[in-house]
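Quick note on my numbering: the sequence shown kicks off at 47 and runs consecutively.
In case anyone wonders, no lab produced these hints; they're calculated from the structure. Predicted model only: the values in this text are computed from it and were never measured. Cβ coordinates follow ideal geometry from the N, Cα and C atoms, glycine included. Watch out, some of these pointers could steer you wrong.
Quick list of the computed label-pair ranges, beta carbon to beta carbon [to be verified]: (1) L108 x A80: 18 to 26 Å; (2) L79 x K125: 17 to 25 Å; (3) F119 x S67: 23 to 31 Å; (4) A86 x G127: 40 to 48 Å; (5) A88 x S63: 24 to 32 Å; (6) E65 x F120: 29 to 37 Å; (7) F120 x V90: 13 to 21 Å; (8) G101 x T72: 27 to 35 Å; (9) G127 x T95: 51 to 59 Å; (10) G127 x F76: 16 to 24 Å.
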Amino acid sequence: MADPHADTASQDYVHGSMEISEQVSTWHLFMFLAKWGSLATAAVLLLLTVWFAVGAGFIAGLISAVVLYVAGFFVLRTKPGQH
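Please build the complete structure, drawing on both the sequences and the hints.
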């Protein structure tokens, strides 16, 4: 049996009329956390790899991780004119 409300529900919706400010702010938060979390993960992995796998020591691993993080900071920061 057909739903009697099906016709009215399709007529109520107007494409492009929904308020999406919450979705936009959620997307910006997700992108912020994804890029900075990825940078932090890469820096920690580099620190541990240089420290243990290469055997260069903690100081060499720390220096390489800090260099990666500083370079990533300048690449990933929000440029003027972007939101």
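Violated hints - listed by number, lowest first: 4, 5, 8 and 9
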